[in-house]
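Enquirer: Numbers in the numbering used here are just positions in the sequence shown, counted from 1, shifted up by 226.
Note that these hints are calculated values from the structure, not bench results.
Don't be surprised by glycine CBs; every beta carbon is placed ideally from N, CA and C.
Please note that a few of the clues may not be correct.
Straight-line distance between alpha carbons at most 25 Å, and here's what the computed DSS-like set of lysine-lysine pairs gives [unchecked claim]:
| no. | residue 1 | residue 2 |
| --- | --- | --- |
| 1 | LYS429 | LYS287 |
| 2 | LYS229 | LYS258 |
| 3 | LYS339 | LYS378 |
| 4 | LYS429 | LYS468 |
| 5 | LYS384 | LYS255 |
| 6 | LYS384 | LYS339 |
| 7 | LYS294 | LYS255 |
Restraint ranges, calculated between C-beta atoms of paired labels, are given here [as the list claims (entries may be wrong)]:
| no. | residue 1 | residue 2 | range |
| --- | --- | --- | --- |
| 8 | PRO432 | ASP314 | 24 to 34 Å |
| 9 | LEU442 | GLY466 | 45 to 55 Å |
| 10 | ARG368 | PRO316 | 25 to 35 Å |
| 11 | GLY290 | LYS429 | 35 to 45 Å |
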Amino acid sequence: MDKLSLLKSVFVFSGLDEQLLSRLTGQLKETKFAEGREIFSEGRTADSFFIVDSGEVIISKQLGPDQKKTLAVLGTGSVFGEMAFFSDSPRTANAVARTACTLWRVERNGFMKFIADEPQAGLRILSGLLQVSMDRLEQTSRELATIYQTGKIIASGKRLEEIAQGIQYELLLAIPEADHAAAFLYNEFNDDYDPVVAPQGTKEIPLNHPMIQALLRNTSGIMLEDCTLAQFPLESFLSGAKALLLSPITKGGRLIGFLALWNTDKKNVFKNSHCLLLASVSGQLAEAIENLRHQQEERDRQRLKNARHGY
227 MDKLSLLKSV FVFSGLDEQL LSRLTGQLKE TKFAEGREIF SEGRTADSFF IVDSGEVIIS
287 KQLGPDQKKT LAVLGTGSVF GEMAFFSDSP RTANAVARTA CTLWRVERNG FMKFIADEPQ
347 AGLRILSGLL QVSMDRLEQT SRELATIYQT GKIIASGKRL EEIAQGIQYE LLLAIPEADH
407 AAAFLYNEFN DDYDPVVAPQ GTKEIPLNHP MIQALLRNTS GIMLEDCTLA QFPLESFLSG
467 AKALLLSPIT KGGRLIGFLA LWNTDKKNVF KNSHCLLLAS VSGQLAEAIE NLRHQQEERD
527 RQRLKNARHG Y
C-alpha cells in the first residue's frame, strides 16, 4: 500500500485533509523485517513509532528469564511504539515480527517539527494516539479482571464441571461478541475429548478429528472470521457458527483440552485481543487441570467410601 493510502486508512490520521497527509508521508521511512526478527526490545531508548503496512507484529512483555507474555498481535494499519515515544522513556515492551512485515517508521524529531508547524493537525493526531493507548489500557484492564475472576473460580475447590461453567460465564461476559462457549478435556480412557461444558447434545470429539489436528498444529490458537472458510469440518454443535475462536489447553507439549467461543449471527466479530484473552485462560487451566482432576477423583473415592459404610 502506498504511504498516502495507508495514512488515510489509519484511525490516528483520519480526518486530516489530503494536503496535510501528503506532507506527513515525508516523515515515513520504510523498514522491512523478516519473520521472528526483533523490531525493538524492552528497555531500549524510544526514538520512533511504527505503522504496520503489511504482516503482523507481536508485542510482548518479559516476565522472567524464560517467560514472555503476549500483549497484542497487530496487523495492517496498526500503530505501535507510541507510548514510550511521547513520554521520552525506555521501551516498556518487546516488538517482534510475527510474519515477514513491512513497517513505516516515524522518527521523533521530524514528527515533532510537523506538529509544531501544524498545531491543529498535530492536536488531532496526538488525540488519536492517546485514544489508541487508552484502548489498549482498557483491553489490558479487561483481561486482568477476567483472569482474576477465572483464577478465583479455579481456586474455589468446586467440582470440575462447576469450574468450567463459571469460566464459561466469565468468558461470555468478557467477550460479548461470542454467544456460545464450550470447554473440552482429553479422556485418556476413551482417547477422545469430552465436553465438560457445552451446548446440550454435544458429543465427544475423537483424537483423529481434523479440528483436533488443526489445534495441534496451531498451538497459539485459531481464529476463524468466516466459518465457511474453515479448513476442517465443524462439529454438529458448531454447525451454526459464523465466527469461531479455538484455544488449545496444553501441558508438557500435550493437548489436554481446548476452549471454544463462537458467534451464530455474525462473521468477523473477533479480534486478536480476544484470542490473547482466551489463551490466558487456557494457560490458567493448563496449570490447574491436573490438580483439579486429582481433587475430583479424591472426592469421588470419598463419596464411594462413605456410600459403602452406609450399607
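Enquirer: Against the structure shown, which of the earlier numbered hints fail to hold, in ascending order?
Expert: 1, 3, 5, 6, 7, 8, 9
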